[in-house]
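Participant: Take a look at the letters that make up each chain.
Number of protein chains: 2
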Amino acid sequence: MARIVVVYSGGMDSFTVLHKALKEENEVFALSFDYGQKHNKELECAKQVTGELAVAHKILDIKNISSLFTSSSLVSNEIAVPEGHYQAENMKSTVVPNRNMILLSLAIGYAVNIKASEVWYGAHSGDHIIYPDCRPEFVEIMDRASKVANFEPVKVFAPYLNSDKVGILKDGFAMGLDYSKTWTCYKGLERACGKCGSCVERLEAFEVHNKLDPLPYLSTVG
Amino acid sequence: MARIVVVYSGGMDSFTVLHKALKEENEVFALSFDYGQKHNKELECAKQVTGELAVAHKILDIKNISSLFTSSSLVSNEIAVPEGHYQAENMKSTVVPNRNMILLSLAIGYAVNIKASEVWYGAHSGDHIIYPDCRPEFVEIMDRASKVANFEPVKVFAPYLNSDKVGILKDGFAMGLDYSKTWTCYKGLERACGKCGSCVERLEAFEVHNKLDPLPYLSTVG
Chain Y
1 MARIVVVYSG GMDSFTVLHK ALKEENEVFA LSFDYGQKHN KELECAKQVT GELAVAHKIL
61 DIKNISSLFT SSSLVSNEIA VPEGHYQAEN MKSTVVPNRN MILLSLAIGY AVNIKASEVW
121 YGAHSGDHII YPDCRPEFVE IMDRASKVAN FEPVKVFAPY LNSDKVGILK DGFAMGLDYS
181 KTWTCYKGLE RACGKCGSCV ERLEAFEVHN KLDPLPYLST VG
Chain R
1 MARIVVVYSG GMDSFTVLHK ALKEENEVFA LSFDYGQKHN KELECAKQVT GELAVAHKIL
61 DIKNISSLFT SSSLVSNEIA VPEGHYQAEN MKSTVVPNRN MILLSLAIGY AVNIKASEVW
121 YGAHSGDHII YPDCRPEFVE IMDRASKVAN FEPVKVFAPY LNSDKVGILK DGFAMGLDYS
181 KTWTCYKGLE RACGKCGSCV ERLEAFEVHN KLDPLPYLST VG
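Chains Y and R are the protein sequences, given in the same order. To convert, note that position 89 of the first sequence is 89 in our numbering; the numbers rise steadily by one, no gaps. To convert, note that position 196 of the second sequence is 196 in our numbering; the numbers rise steadily by one, no gaps.
Errors might be hidden in some of the hints.
Derived DSSO-like pairs (lysine-lysine); straight-line CA-CA distance at most 27 Å [stated by the list, open to error]: (1) R:K63 x Y:K63; (2) Y:K147 x Y:K47; (3) Y:K58 x R:K47; (4) Y:K63 x R:K47; (5) R:K170 x R:K147; (6) R:K170 x R:K63; (7) Y:K155 x Y:K58; (8) Y:K41 x Y:K58; (9) Y:K155 x Y:K187; (10) R:K41 x R:K147; (11) R:K147 x Y:K147; (12) Y:K58 x Y:K211; (13) R:K155 x Y:K155; (14) Y:K155 x R:K58; (15) Y:K155 x R:K115; (16) Y:K63 x R:K170; (17) Y:K23 x R:K181; (18) Y:K41 x R:K147; (19) Y:K115 x Y:K20; (20) Y:K115 x R:K63; (21) Y:K20 x Y:K181; (22) Y:K115 x Y:K170; (23) R:K115 x Y:K47; (24) Y:K23 x Y:K41; (25) Y:K63 x R:K181; (26) R:K41 x Y:K155; (27) R:K187 x Y:K41; (28) R:K58 x Y:K147; (29) R:K63 x R:K47; (30) R:K63 x Y:K147.
Derived DEER-like restraints, expressed as beta-carbon distance ranges [unchecked claim]: (31) R:L218 x Y:K23: 22 to 32 Å; (32) R:M175 x Y:T70: 28 to 38 Å; (33) Y:E207 x R:N162: 15 to 25 Å; (34) R:M1 x Y:E25: 49 to 59 Å; (35) R:S117 x Y:P153: 27 to 37 Å; (36) Y:N210 x R:R3: 47 to 57 Å; (37) R:N162 x Y:L218: 26 to 36 Å; (38) Y:R144 x R:K58: 26 to 36 Å; (39) R:K181 x Y:S180: 53 to 63 Å; (40) Y:M175 x R:Q48: 53 to 63 Å.
Please keep in mind that the hints were generated in silico from the structure rather than gathered at the bench. All residues carry an ideal CB built from backbone N, CA and C; glycine is no exception.
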């Protein structure tokens, strides 16, 4: 048992990470970030889930930092979130520069402050292609940087680093998780759009498991 | 000539770094952070100096993050800033956990966004003893992490890493810099206190050069 800070966006990946940390009987502190993402519905999910689980939860408002990132469609109102598959070139506009280093550095600082020994987050191999800060070498170097930057060693760990959304769902189903309590769509609408890279990847993962995604969708890509 | 983001607090170290970057004819974007520090007078200095120099300047308000760091005297109103020499045990309360990783990660993200190729900051060897995130191995690993985290390589560089405040002042005097345009004291008073670790170190550095610090002080440690 360890005291662990879980970076918990409210999405299905970090929802599964959160439950994995709890299942292994760790003392969990969930940390969410409001960085001005259009899809802040995921934060509502995070609040509700941690409330139900009685897990300590902090939502840190770092919306101001979006003023640094004028070229990302995830935070800029001047750029539309692209539709289609993640691998496509146009999905690069969903990259918030250096996002995971920023979020992890805050989570590590929080961990030092509350004397937690680990920070967990939901990086997985499905994101590697367009998000360099989800790659194994990134997690490894952040783990080393974390141990150099502070006298109190804080480990950085991504339990699904060598897995993908299909593998994450497999583990989640084995834990009996209810994915209606998560949010994935990048657009800020009432229902999931079914068309952005994030929705497409999620729907494909459910399909592999022959399960119906419990979320309501506006429509789904053919 | 390169496009460079300079992490510029308004203090004497980063003031010197800023001028060094300008002197080498780089295109400089200064970035300051309002992280809820009691000594926000340094931000006023930063604003004035960049205005006079006509250097692009952004002050990023990240005051919210102080809610993560309840145990640091630099941001908590419940803990007094300690007096005396830096080396002393009580100075550890001035450590904001993981601060430099947080600030650098934001500066790197900003650099990626504006297509800058380098981030400079004012770490120096005088800070190594109590601030692990000012050590050469920290700068080195952040430089490597930066290059792993983003497809656009951003170099992390601390020009005075192997120097100290005395060396920084030497370089600054050679550039003809006016240190009345900087702020160093950790306390949030009208005049510098002359007693906190930051003031003591500054005054000692001026003394080595047989120069009078142009800042007004309340009093100085005998």
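Participant: So, for every hint listed, does it hold in this structure?
Facilitator: Here is what the structure says about each hint:
1. R:K63 x Y:K63: holds, 11 Å
2. Y:K147 x Y:K47: violated, 30 Å
3. Y:K58 x R:K47: At roughly 32 Å apart (the allowed maximum being 27 Å), K47 of chain R and K58 of chain Y break the hint.
4. Y:K63 x R:K47: The hint holds at about 22 Å.
5. R:K170 x R:K147: Judged against 27 Å, a Cα distance of about 32 Å means the pair is violated.
6. R:K170 x R:K63: violated, 33 Å
7. Y:K155 x Y:K58: holds, 20 Å
8. Y:K41 x Y:K58: The hint holds at about 16 Å.
9. Y:K155 x Y:K187: violated, 33 Å
10. R:K41 x R:K147: The hint is violated at about 34 Å.
11. R:K147 x Y:K147: Roughly 18 Å between the alpha carbons, so the hint for K147 of chain R and K147 of chain Y holds.
12. Y:K58 x Y:K211: Roughly 32 Å between the alpha carbons, so the hint for K58 of chain Y and K211 of chain Y is violated.
13. R:K155 x Y:K155: holds, 24 Å
14. Y:K155 x R:K58: violated, 32 Å
15. Y:K155 x R:K115: violated, 31 Å
16. Y:K63 x R:K170: Given pair K63 of chain Y, K170 of chain R is violated - Cα atoms ~40 Å apart, limit 27 Å.
17. Y:K23 x R:K181: violated, 55 Å
18. Y:K41 x R:K147: With a Cα-Cα distance of about 32 Å, the restraint between K41 of chain Y and K147 of chain R is violated, given a limit of 27 Å.
19. Y:K115 x Y:K20: holds, 21 Å
20. Y:K115 x R:K63: Within the cut-off at roughly 22 Å; holds.
21. Y:K20 x Y:K181: Holds - the C-alpha atoms of K181 of chain Y and K20 of chain Y are around 16 Å apart, at most 27 Å.
22. Y:K115 x Y:K170: Given that 27 Å is the threshold and the Cα spacing comes to 32 Å, the pair is violated.
23. R:K115 x Y:K47: Not satisfied, since the Cα-Cα distance of roughly 36 Å exceeds 27 Å.
24. Y:K23 x Y:K41: Given pair K23 of chain Y, K41 of chain Y holds - Cα atoms ~25 Å apart, limit 27 Å.
25. Y:K63 x R:K181: violated, 31 Å
26. R:K41 x Y:K155: The given pair, whose Cα atoms are some 36 Å apart, is violated under the 27 Å limit.
27. R:K187 x Y:K41: violated, 40 Å
28. R:K58 x Y:K147: violated, 30 Å
29. R:K63 x R:K47: holds, 17 Å
30. R:K63 x Y:K147: holds, 25 Å
31. R:L218 x Y:K23: 22 to 32 Å: violated, 56 Å
32. R:M175 x Y:T70: 28 to 38 Å: Check passed, 33 Å falls within 28 to 38 Å.
33. Y:E207 x R:N162: 15 to 25 Å: The hinted range 15 to 25 Å is violated for E207 of chain Y and N162 of chain R, with Cβ atoms some 57 Å apart.
34. R:M1 x Y:E25: 49 to 59 Å: holds, 56 Å
35. R:S117 x Y:P153: 27 to 37 Å: holds, 32 Å
36. Y:N210 x R:R3: 47 to 57 Å: Distance hint for N210 of chain Y, R3 of chain R holds at roughly 52 Å.
37. R:N162 x Y:L218: 26 to 36 Å: violated, 58 Å
38. Y:R144 x R:K58: 26 to 36 Å: Distance hint for R144 of chain Y, K58 of chain R holds at roughly 30 Å.
39. R:K181 x Y:S180: 53 to 63 Å: holds, 58 Å
40. Y:M175 x R:Q48: 53 to 63 Å: holds, 57 Å
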